[in-house]
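Peer 1: Numbering (UniProt numbering) for the sequence shown: 1 to 177.
No wet-lab data here; the hints were simulated from the structure.
Note that this is a predicted model, so its numbers are computed, not measured.
Any given hint might turn out to be false.
[What the hints assert, rightly or not] Only pairs whose alpha carbons sit at most 25 Å apart, straight line, appear in this in silico DMTMM-like list of lysine to aspartate or glutamate: (1) 60 - 12; (2) 50 - 139; (3) 50 - 102; (4) 90 - 112; (5) 60 - 16; (6) 50 - 140; (7) 60 - 164; (8) 60 - 18; (9) 60 - 140; (10) 50 - 113; (11) 60 - 139.
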Amino acid sequence: MVGTSTESTTTEAPTEAEIELGSRLGNAMMGLGRQWAAVSSQLSKVGIDKTSMVLLGALKQIGPVRSNALAEAVYSDPSTISRQVAALVKDGLIERRADPADGRASLLAVTDEGRALLDARHRQRSCSLARMLAHWSPDDRERFVELLERFVVDHERNIPNFIEEHAALMARSKGEN
């Protein structure tokens, strides 16, 4: 198991070498983002909507919740996801249930059909990624996945800092113009 980070950020200024490494990482992330956007675009043409899959996956993971909690889980605004949720309900992938804590409210839950779709998509994605890395040594594959999982945890922990830093930069640049 790879060591885990005990601190999500540091107050010390990064060195030039660390900044360069951050630049390489950022460029790699941007490249991966562009590649996944291309995949999402092509898959949407055959009826596989990325946003719907994100909402279904999050809902499966966290269990039945109100729509505002689902929006928070995917870092979105409740009004933004309402259209996607309505479509998923219409398609039978999500259902609305009465909230036992408040009969006036409803909870969203993944249906059996939604679970089956997620399971099939997960299996297909896993097979595709396994084929992509098949030429790597088993040790390289294991190490890469361990480090990527660690990075994702640290990245998610740092999202608020990332947003705050970049929003402050934009505010300063707008004030200077």
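Peer 1: Okay, which hints does this one fail, numbers in order?
Peer 2: 1, 2, 3, 5, 6, 7, 8, 9, 11
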